[in-house]
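J.: Going down the list, the sequences are from chains A and B.
Quick note: the first sequence, position 211, residue 208 per our numbering, numbers continuous.
Quick note: the second sequence, position 165, residue 162 per our numbering, numbers continuous.
Calculated directly from the structure, the hints in this document are not laboratory data.
Mixed in with the good hints there might be a few duds.
For chains that are exact copies, the list does not tell them apart, and a pair is met inside one copy or across any two.
[Unchecked claim] Below are the SDA-like pairs computed for lysine to any residue, each with C-alpha atoms no more than 25 Å apart in a straight line:
| id | residue 1 | residue 2 |
| --- | --- | --- |
| 1 | K201 | M117 |
| 2 | K101 | Y189 |
| 3 | K38 | N28 |
| 4 | K38 | E214 |
| 5 | K26 | N10 |
| 6 | K26 | L122 |
| 7 | K201 | S94 |
| 8 | K26 | T9 |
| 9 | K26 | E239 |
| 10 | K70 | F115 |
| 11 | K26 | R113 |
| 12 | K70 | S32 |
| 13 | K101 | G55 |
| 14 | K26 | R116 |
| 15 | K26 | F115 |
| 16 | K160 | G186 |
| 17 | K70 | G145 |
| 18 | K201 | R116 |
Here the structure is a predicted model, which is why all the values come from computation and not from measurement.
Protein chains: 2
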Amino acid sequence: MRVRLTVAYDGTNYNGWQMQPNGVTVEEKLNEAVSALFGRKIQVIGASRTDAGVHSLGNVCCFDTDTRMPAEKISYALNQRLPEDIVVQDSCAVPDSFHPRYAKCRKTYEYRILNRRFRMPTRRLDTYFYYYPLDVERMQEAARFLEGEHDFRSFASAHMQTKTSVRTICSCLVSRQEDVIAIRVTGDGFLYNMVRIIAGTLVKVGAGEILPGQIPEILAAADRSAAGPTAPAHGLTMIGIEYL
Amino acid sequence: MRVRLTVAYDGTNYNGWQMQPNGVTVEEKLNEAVSALFGRKIQVIGASRTDAGVHSLGNVCCFDTDTRMPAEKISYALNQRLPEDIVVQDSCAVPDSFHPRYAKCRKTYEYRILNRRFRMPTRRLDTYFYYYPLDVERMQEAARFLEGEHDFRSFASAHMQTKTSVRTICSCLVSRQEDVIAIRVTGDGFLYNMVRIIAGTLVKVGAGEILPGQIPEILAAADRSAAGPTAPAHGLTMIGIEYL
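The whole structure should be built from the sequences, with the hints applied where relevant.
T.: Here's what the structure looks like:
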């Protein structure tokens, strides 16, 4: 059977999701736990290859197994073998045709900015600290220009390798709760670093360096240098993936 | 002049506030930073000696200095010398008679319980994970019995050394936001482990093991064994101190 896992992690101590020669990754820890549980080498296939320092409440991966263990019990068995900063939130059986990366879905990310006079130690790992006051209404106005289907080439890192840079953002909502500004973006897929570049650009809007009305020009430029900087990884949290 | 600091810290990596032979403490880091800044050995006097693992958004301490640096700039200078998990939020000059522990004040603490099916890695350091569903309405009902002036001997650890165990709780509010239950307690002072024992007792109430109406009996018993267990330190955050 094919098993789908929903995985939450604090990305602070990992070199991102994807296996690589240097540094420990989330995928590696999952492969180890799944392989140990079923007594043979198993590699999970992940939905979203989050960068080093990025957190997740619900990334998705899957693997095949011939176990008789009920799929929904696998989460508990894996959590016994995982470190405390990676916790499987759900396990279930899915059709053998399911592929976490190719299946049609909507992904939601949240970028958090701590906007206050002093750093707050208890929020240092999951928010990006920004000292100067940010105008949330302007950020909201700018965010609306990003919604819909656009060529997001200006919002993708140069090492982008995908065929098309056209994506659809279903919603891009900016809200403030006390001193944390959250940018929550839902879309059918994201280019490399796209959410962090959106966040970096909206921070420039909030600071008054870019006007909300300039967003359409930035999109039209189809040039990475037209947008704002890539905001730091640790402010980003993948919220979840909804398969359609 | 006497300088008052308001200090936030993530208590995860410290052996509590107070200087001691084993382990690094918050007070020690502050003493080092203040002494280095002013070029002579200075020891701060803290308001609340939080336990190992307890966090703070606004603990208070003070020290004397003959510097000409404006008091409100001292916070910035100290933050240059402090680790990233300790950040001074405010510095100001206070009368020489001010003593952070003896001055009349109201302290507010918040105890957070993560009440859901699976652990959430991003909240593992500032919430206490509790799997079984908790009834917040019962917890609220029980909390109301704790408000007011009472002998809190049942809610103090055995090694309590203070003369009287009578304290006044101005408010004890229980609220739920998604899967986090917060117990926010404001009072004129707290006995050793008092907030953590209140939290441990309210968890028992939420789980149905203690009835809200039993709280007056527990108070009347004046016996530590009548109350619930001491909830773990890492769920506790000192919110702040208001001097009256």
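J.: Give a verdict on every hint.
T.: Tested hints:
1. Only within a single protomer do K201 and M117 lie at most 25 Å apart by alpha-carbon distance; the minimum there is 22 Å, versus 32 Å between protomers.
2. Proximity of K101 to Y189 under the C-alpha cut-off of 25 Å is restricted to the intra-copy arrangement: shortest distance 18 Å within a copy versus 55 Å between copies.
3. Within a single copy, K38 and N28 get their C-alpha atoms as close as 8 Å, which meets the 25 Å cut-off; across copies the closest is 52 Å, which misses it.
4. Neither within a single protomer nor between protomers do K38 and E214 lie at most 25 Å apart by alpha-carbon distance, with minima of 50 Å and 58 Å respectively.
5. In this homomeric assembly, K26 and N10 come within 25 Å of each other (Cα to Cα) both inside a single copy, at 12 Å, and across copies, at 24 Å.
6. For the homomeric pair K26 and L122, the shortest alpha-carbon distances inside one copy (21 Å) and between copies (20 Å) are both at most 25 Å.
7. For a Cα distance limit of 25 Å, the shortest separation of K201 from S94 qualifies neither inside one copy, at 43 Å, nor across copies, at 46 Å.
8. Both within a single protomer and between protomers do K26 and T9 lie at most 25 Å apart by alpha-carbon distance, with minima of 14 Å and 23 Å respectively.
9. Taking identical chains as interchangeable, the C-alpha atoms of K26 and E239 lie at most 25 Å apart only when both belong to the same chain, with a minimum of 24 Å there against 46 Å between chains.
10. Taking the closest pair of Cα atoms, K70 and F115 come within 25 Å of each other only across two copies (12 Å); inside a single copy the shortest separation is 44 Å, beyond that limit.
11. Taking identical chains as interchangeable, the C-alpha atoms of K26 and R113 lie at most 25 Å apart only when they sit on different chains, with a minimum of 23 Å there against 36 Å within one chain.
12. In this assembly of identical chains, the alpha carbons of K70 and S32 lie at most 25 Å apart only when taken from the same copy (16 Å versus 55 Å across copies).
13. In this assembly of identical chains, the alpha carbons of K101 and G55 lie at most 25 Å apart only when taken from the same copy (16 Å versus 47 Å across copies).
14. With identical chains, the CA atoms of K26 and R116 are at most 25 Å apart between copies only, with a shortest distance of 17 Å across copies and 32 Å within one.
15. Taking identical chains as interchangeable, the C-alpha atoms of K26 and F115 lie at most 25 Å apart only when they sit on different chains, with a minimum of 18 Å there against 35 Å within one chain.
16. Only within a single protomer do K160 and G186 lie at most 25 Å apart by alpha-carbon distance; the minimum there is 13 Å, versus 64 Å between protomers.
17. Taking identical chains as interchangeable, the C-alpha atoms of K70 and G145 are never at most 25 Å apart, the minima being 39 Å within one chain and 47 Å between chains.
18. With identical chains, the CA atoms of K201 and R116 are at most 25 Å apart within one copy only, with a shortest distance of 19 Å there and 36 Å across copies.
Checked against the numbered hints above, the structure violates hints 4, 7 and 17; every other hint is satisfied.
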